[in-house]
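Peer 1: The chain contents come next:
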Amino acid sequence: MSGSAGESRPKPVAQATPADGQLFDEDFRRRLERLRLVVRRTTPGGLHGEHRARRRGRGVEFSDYRAYVPGDDMRDVDWLAYLRFDKLLLRLFDEEGDLPVYLLLDTSRSMATPDRSKLDQGKRLLAAIGCIALGQADRVTALAFAAGARESLETLRGANQTHRLLRFLEGLDTASGSDLALAVRGFFARPRRPGLVVIASDFLVEDGEPARSAGLRRGGLPGALDLLAALRHRVLALHLDQDLESLRPGSPRFEAVDAESGERIRLHSTAAAFREYHRQAETYADAVRAACRRHGFSYTRVSGQEPFDEVVLRLLRERGPLR
Amino acid sequence: MSPTSWFGISGLSLPLLVALVVALLYLLRPPPPTIVVPSVLLWRPIAERRRSHTLLRRLLSALLSLLVALGLAFALAGPPRPERRGAPQILVVDNSATMATEVAPGVTRLDRALEQARELVSDWQGPTLLADTTGGSGPRWAHSDAEAEAWLRGLRTSSARGRLPALHGAIPGSTAAAVRRLLISDGVALASLEDWQVVSVYQPVTNVGLLAFDASSTSPAATTDSIEAFLQVFNASLVGVTSRLVVERAEGQILYQRPLELGPRETWSGVLALPATAGGEIVRARIETADDALSSDDLAAIVPHLQRQILVGTVGDVDGAVGRALRLLPRVTVTALPADSSSLEGPVPDVLVAAGWAPESSPLTPTLLFAPPARAWLPEPTAQAIEAVVWARQPGPRDWGPVAFGDLRRYEPSDVEILLGGTTRSADDVRSTDTEWPLVFQLQGLEPPVLVAAFSVEASSIGRHEAFPVLVAELVDRLAEAGATEAGRSQPPGHVLGRRLSDVNASRLPVAPRLEATPSYLVSAQPPRDVREDLREQSRRHQRFAIAMLAVAALLATLETWTRAWGLTE
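Protein chains in written order, with our numbering: chain A, 327 to 649; chain B, 512 to 1081.
Hints are computed from structural coordinates only; laboratory data are not their basis. Think of the CB as a built atom: it goes at the ideal place given N, C-alpha and C, for glycine as much as any other residue. Mixed in with the good hints there might be a few duds.
Stated by the list, open to error - Looking from chain A toward chain B, a few residues come up when the C-beta cut is under 7 Å (computed):
| # | residue |
| --- | --- |
| 1 | SER436 |
| 2 | LEU530 |
| 3 | SER577 |
| 4 | ARG579 |
| 5 | PHE580 |
| 6 | GLU581 |
| 7 | ALA582 |
| 8 | VAL583 |
| 9 | ASP584 |
| 10 | ALA585 |
| 11 | LEU593 |
| 12 | SER595 |
| 13 | GLN606 |
Take the sequences, apply the hints, and build the full model.
Peer 2: Shown next as structure tokens:
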């Protein structure tokens, strides 16, 4: 618990990718702890674990009275008020509630192509956000999705559950294609309290609105966002971006093979082609951002090489505490 | 230079080969590497946009690659050359008399010419047609250095007049335009040299020689009359030279001598009155010059003509061209004889000339016939003329004379002015020849000699030829001379023409007419060039061409790279 903000500031260097199973090593945990301290100091109170729930219930802080209606719990009746006013009034208290945080990690093959930087970055970011949430006594649920919901880690609560979250994320690997809408529908088919849904993905999904609006043919994000909005969830979309240089081959010609569908396209490794690719990527990202903005959701574009703690701090500065 | 040989039938091989190689390399190019990408979602529109011009891009790329390869191939192959591999060349070596001029102790111009010829043959990829300028060594194809060496080793200088041989039919018409024609010469005047390249072996030397020497007695009494001699001396040097002229008998008795101071290229001519000599005695003319480089033109010899009246008996219709020619001869007395006269009265003619008639048996008098004789006394059908002589107009005291000897087949009809004799002529040839050339045959095995002119004076245009009287005079003169001496009668068949024409040749000096000069003197539609300089220039041109082609190839390669970088080509 020592050190200033300057000391706790992570070095802006590319993160070394640990070997499988060692993603959350000691260095990560130290940086995560520093991040917690920085978050606690820079956002006093706001990031403190407790959140005032909107619904009124069994809290300790009085809020209001209301008339009794059949079915109300008789234990909430203010009998003193009944004696004074001869009316059945219920005492209402603001319930001190936790915030459900749903961490959705895209584990389709595109996340680990051509390297695992996007997948690892997603894991780090979700781990950091999850740890912060657990430190605030929020409920954290994690989901790995690909073509659908793959596996989940149901409700964690309390900072002592951090290791479970990290172990869960650490054990995830990629599989098959990606369908966010299907995953969201499957995961939220059972009743879940509205909360914060953090989606870490490259959003390279076929047949979705973002793709169509960008002149492309894929997406899958709009359906998922519509469903989440309808369920009164708030969404933080972490768009994990691909480093263009990692795609540039040494040969003047190359055949691009889709990591998920296996589709092949012959291309030339020309500067013009990569400029065009860059334009396409920007257009696509704009389309994803627009889809998020349409529901008032947050959108952040993250490079696979960016230090995760800097990303989290940037998130907190831009959108405020996790609420 | 002829048009480029790249695009000839055989020359297409280079571009086709390069195109084939490029196409093969294009087809066999390794497949592009496979790269697994997160998604082709963002690549697909790029590929679809490019797909609309894929064929054009591929063609452009292949075309640029082909042009680069062609540029490199042409840079290596060199500029288009008319002497494409396998094409023939004609190499004529001047072997006229002046080529015997010594340019260094023991080294003649001919030696230098042979050195050049060996180099030119060795450097040439195709066959070489070798020929000389005097016809002594007939044209011969050399397909190897050894064959050329054998021909060159046998080449000698000749006293005959040098001229470019007619080789029109030697080269196939289809390749004639590409044939390189080379003449190695010392600069002696030759005929037209259009399209010929000249390798000059000329080096200035000191040379004074006899151009002309003729002598004849001034009266029929050869033993008592004086002799009149005509001499012509020429200084072929580029500087003034002092020489000494001597005319002497065979045994060395000097008949005349005098110093001569001749300027550069100056000619001296003179008519000398010499003491009488015995008939048949040889008279020599000699020119003595210090450091004279050519000895063959320093000495000339002649047997002075006997000047006496010749009685010519004519039989038949000789009032035409033959009659007129006979009457022009100053020493000839003509008497007409009846055709059927077997015992004549009066003096026996020295020569019989018969036109339109021939005796039934071999005559006892040297005879010139202008009609086919009876077959009964004709020679064997396989009889051959001994000698064939080409006459042509020549400068000097005699307008007409023999200019070359040897195989008549080397001479084109246009070269022949007057032809004496024939190559292989049988009796049937004599009877049936219809040539316009005045063929005159000596019938073999007959004593006294009989000459048969194988043409009809009246039917042919030869009677109107300006040299016809000279021809008749020569023939009559020699027949008379042969019949007048026992020696002449005892000589083997063929001596009439042979000895006589040999004498004539002896009087025709080996280098006349002759002029030595720098190669620029040569008469040619094109300025004479030294082919070695041509070869050097060709090498320089090759280098420039190779650099240009490499630059073009580099430029195209750069362009191809740029177009690839810009995504314009596949």
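Peer 1: Could you work out which earlier hints the structure fails to respect and list their numbers in ascending sequence?
Peer 2: The structure breaks only hint 12.
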